[in-house]
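J.: One letter stands for each residue in the lines below.
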Amino acid sequence: MHRRILKGERLVATFVCGCVLFNYPLLSLFDRDVEVFGIPLLYVYVFAAWAGLIALMAWVIERRTE
Amino acid sequence: MLASPVIVAAALLYLGLLFAVAWWGDKRADAGRSIIASPTIYALSMAVYCTTWTFYGSVGRAAVSGIGFLPIYLGPTLVMALGWFLLLKMIRTAKANRITSIADFISSRYGKSHLLGGLVTIIAVIGVVPYIALQLKAVSGSVSILLNYPEIVMPHRSETEPVFADMSFWIALILAAFTILFGTRHLDATERHEGMVAAIALESGVKLLAFLAVGLFVTYGMYDGFADIADRVAQNADLRRLSAAVPSGQGFTSWFSLTVLAGLAVLFLPRQFQIAVVENVNEAHLKRAAWLFPLYLLLINVFVLPIALGGLLHFAGRDVDADTFVLTLPMALRQEGLTLLVFIGGLSAATGMVIVETIALSTMVCNDLVMPLLLRMKRLALDESKDLSRVLLGIRRGAILFILLLGYLYFRLAGEAYALVAIGLISFAAVAQFAPAMIGGMYWRGGTREGALAGLSAGFLVWAYTLLLPSFAKSGWLPADFLTQGLFGTELLLPQQLFGLSGHDEISHCLFWSMFANIGCYVAVSLLRAPTAAEASQATLFVDALKHARPAGAALWRGRAEMADLIALVGRFLGPLRARAAFAAYAHERGAAGIDELEADAELVQFAESLLAGAIGSASARVMVASVAKEEPLSLAEVMNILDEASQLRTYSRELERKSAELTAATRELKEANERLQELDRLKDDFMSSVTHELRTPLTSIRAFSEILFDDPKIGLADRQRFLGLIVSETERLTRLVNQTLDMAKIESGHADWHASEIDLKELIAQSVAATSQLFTEKGARIKLDLPDGLPLIRADHDRLIQVMLNLLSNAVKFLPPDVGRVRVGLRECAGGLEVSVADNGPGIAPDDQAVIFEKFRQVGDSMTDKPAGTGLGLPISRRIVEHFGGRLWVESAPGAGATFRFVLPLAPAGALDMAEATEAMARAPAPLPASRI
Chain D
1 MHRRILKGER LVATFVCGCV LFNYPLLSLF DRDVEVFGIP LLYVYVFAAW AGLIALMAWV
61 IERRTE
Chain U
67 MLASPVIVAA ALLYLGLLFA VAWWGDKRAD AGRSIIASPT IYALSMAVYC TTWTFYGSVG
127 RAAVSGIGFL PIYLGPTLVM ALGWFLLLKM IRTAKANRIT SIADFISSRY GKSHLLGGLV
187 TIIAVIGVVP YIALQLKAVS GSVSILLNYP EIVMPHRSET EPVFADMSFW IALILAAFTI
247 LFGTRHLDAT ERHEGMVAAI ALESGVKLLA FLAVGLFVTY GMYDGFADIA DRVAQNADLR
307 RLSAAVPSGQ GFTSWFSLTV LAGLAVLFLP RQFQIAVVEN VNEAHLKRAA WLFPLYLLLI
367 NVFVLPIALG GLLHFAGRDV DADTFVLTLP MALRQEGLTL LVFIGGLSAA TGMVIVETIA
427 LSTMVCNDLV MPLLLRMKRL ALDESKDLSR VLLGIRRGAI LFILLLGYLY FRLAGEAYAL
487 VAIGLISFAA VAQFAPAMIG GMYWRGGTRE GALAGLSAGF LVWAYTLLLP SFAKSGWLPA
547 DFLTQGLFGT ELLLPQQLFG LSGHDEISHC LFWSMFANIG CYVAVSLLRA PTAAEASQAT
607 LFVDALKHAR PAGAALWRGR AEMADLIALV GRFLGPLRAR AAFAAYAHER GAAGIDELEA
667 DAELVQFAES LLAGAIGSAS ARVMVASVAK EEPLSLAEVM NILDEASQLR TYSRELERKS
727 AELTAATREL KEANERLQEL DRLKDDFMSS VTHELRTPLT SIRAFSEILF DDPKIGLADR
787 QRFLGLIVSE TERLTRLVNQ TLDMAKIESG HADWHASEID LKELIAQSVA ATSQLFTEKG
847 ARIKLDLPDG LPLIRADHDR LIQVMLNLLS NAVKFLPPDV GRVRVGLREC AGGLEVSVAD
907 NGPGIAPDDQ AVIFEKFRQV GDSMTDKPAG TGLGLPISRR IVEHFGGRLW VESAPGAGAT
967 FRFVLPLAPA GALDMAEATE AMARAPAPLP ASRI
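Those protein sequences? They're chains D and U, same order as listed. With the first letter of the first sequence counted as 1, position 39 gets the number 39 in the working numbering; the numbers rise by one all the way through. With the first letter of the second sequence counted as 1, position 246 gets the number 312 in the working numbering; the numbers rise by one all the way through.
If we strip away everything but chain D, and leave its shape as in the complex, we get:
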């Protein structure tokens, strides 16, 4: 039961973290004319943060034992 609650709290934290990552002002920090491997920085940032968020969710959800 405790593990269940902990998992829920982790997911809420992931949600809040995502809300911050994908909003002003963090987003504006990456909104500049810089390219990474030829790809605009903002594009790279959003996709990296997105993939990271999904990985985090998968990790929280699929983890079995404490």
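Wrong hints could be hidden among the right ones.
[To be verified] Simulated crosslink set (SDA-like; lysine to any residue; CA at most 20 angstroms straight-line): (1) LYS750(U) / ASN805(U); (2) LYS7(D) / ARG354(U); (3) LYS613(U) / GLY8(D); (4) LYS7(D) / PHE151(U); (5) LYS7(D) / VAL757(U); (6) LYS750(U) / GLY791(U); (7) LYS880(U) / ARG861(U); (8) LYS353(U) / ARG10(D); (9) LYS353(U) / GLU9(D); (10) LYS7(D) / LYS353(U); (11) LYS850(U) / ARG968(U); (12) LYS613(U) / TRP510(U); (13) LYS155(U) / VAL347(U); (14) LYS155(U) / ARG10(D); (15) LYS353(U) / ALA55(D); (16) LYS922(U) / HIS817(U); (17) LYS7(D) / GLU349(U); (18) LYS155(U) / GLU9(D); (19) LYS353(U) / VAL60(D); (20) LYS353(U) / GLY52(D); (21) LYS812(U) / VAL757(U); (22) LYS828(U) / SER903(U).
[Claimed, not checked] Partner residues are not named here, just some residues of chain D that face chain U (Cβ under 8 angstroms, in silico): (23) VAL20; (24) PHE22; (25) TYR24; (26) TYR43; (27) ALA48.
Calculated from the structure, these hints are not laboratory results. As the structure is a computational prediction, the values presented were derived from the model and not from experiment. Beta carbons: idealized from backbone N, C-alpha and C, even for Gly.
For chain D, the structure is supplied; the task is to place chain U on it using the hints.
T.: Frame of chain D; chain U shown alone:
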């Protein structure tokens, strides 16, 4: 080679394949071997979220606003992190109350209100119509572009074109027929369509595959990777602005509102509710889907910007709509196979959306709009013998056709004025209006029917005024003045700058005002009065859906009903056969032999109502059940009492459970402790009685001889000497006994002193033999030593080992036959230690007695006739001493063949590890005694 027959054949073949999959899925479901019982299939079916909006429209959006297409997918990703609670609660509630649509959910929550269910249905239908129009626009657009292959001609449709010459009209009809075949072949009480879900999951796979194929082709086939596209873009000032994609200023507001809208839409779009909640097979699937579905969204978006930029570069200066790039880029390079794959992918995206959306909407229209109206017609309700299940199916089929035609109508009226994404966003803003009533209903007990009605109506009106009507105005169907001068020429009522709020895009503007009105009215009106009995009881079912022991709905019903009436009622809507089967299954579950044995109690009425709710919606089911049962309405006070009682009972029972578990544990511990104490007590008693018994024998002799000496002063000197000698020897025996008892007690309690030192066993044995040689001589026995040289030293207590040897030797002497006695003392090295043996040729020990001799005060022999020859403590003490040093002492003997006492001492008993090795080694050594006796 892409002639029109090929295209039509491919499309029909693909639809046929989907139908086959659906048919197979249904068949498997009927056989109880579901093919959709997997979290991956569940996640894929959730991807029905990605329609042609995603497939064609994202690229169009990206071509205008760069990265601005992404919030539509980031919102759902964020919401899925909360899906664990939100969706789980929705699934549990829907399953417990047989809720089959979002209208049913809201109407059921606020006291099974017909009015509310109808309002939600109307909002959903009107709100989703633009979205369906979007699919028609995308499909007909892709077909007409494809028909001109290899030329790339943008579709133009004149307003005056007659309906029957319009391809979109026929596409709408085909989609309607397809959906009717798919979703309304039979009526199911749970409104679940396993076959459809399987087909939707397949479609999600196809559209992802097709989109990735185009993405790879454009990025790596046409250009040389992301960097190459970016290089070319950098040389073009206009495009550069796009790829840098600045969502600054107003952009961030828009970004934020789109994220919120998409997050709400993924929960409250009728088709998402249908797939995620109603069609959910197992709530455990939610776990993996919560991250697989966002992963799907990520994958389908990776190539959007490259395709958009690649298209802008390739078609620079030509009249090609960015919404069609996904299709026109492969066409421009004459990639026939890829073009066809893209077409099929787009078709998947459209059909998937249309099928699920219209099935969900038709359920709502039937259960929450048409049925309540029909039920009000007395003629229909009175005609009890009529089987209504066919009527229900007919209503649903009609609703599907009606909704698709509405979609076509919107497409005709307003479709040309907007890009795909803009149309879709209008629908998103409409379904977002469900959020306050839904989320409020799941977490707040105070929401009332009027509150929900007021909130929904206000939000819907604001949405229609700020988003829907302007879309008509922009396409010229309403006068354009409406947009520029406001209603009645009032500037404050400008639909897209309501009350002067300007500087925002139309979506953010609508979202703000509609949510302001919606949430404001919902909360304010709800707070005007306390919830009624019906609202309070439903609120408990919804808000406490995740609690383990929640009050069953049956607790909140009181009245009388007739079994036959209930079966007949359910039979009218589900068909008599299905109804009897359902009741028989219920009876079986209850352990009753058949339907006839069932009692029409509150729980059965509840069961009948939930069966009906699946088919006609909860509000109608309530009305129908009330029509055949004599109900006694419960007052609010009574409902609150039941709920309070239930929650108090719940608290008490949890508390009781916890306490009784604690009590059981404590009792068990006490019992064990008590048993241990009793055992110790018994051992102590035994020990005391043995000791006193042993003490009594020498004391009796001493007393007897002393009395003789005391009573008869004239006794002879020789006798006096003999008696005194006996008294002395008995006293010595007494002393020895007392010493050994003390010794034993010390060893057992762990208070004995041990002085370990390096010992040469050979020397120790020789010393012990010398000390006892007198005994051997007295008995005429011979002793033979077999002590090899050069054995390792061991670590033990010298005096204690001497004690062991003396015990064993004197014990041997005691049982030797006079004059022919032989004792052999041996010493040898064995695995892990040294073994000492003392063998005699006495009478031997019977197998039964071999364990007994190591017990305290137990001497072998008939105690009635034989005078005890020892204290009965020598062997037990010896065994304890040997065991203390990690060794083992045992006896090998057979009656008449002498006895051999052996003990093994490990070489290095100090270290724990070595000790373990030694013990192991000894286990391999010959072990004549069962392990349990050691």
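J.: Starting from the hint list further up, note which numbers the structure goes against and sort them upward.
T.: 5, 6, 7, 23 and 27
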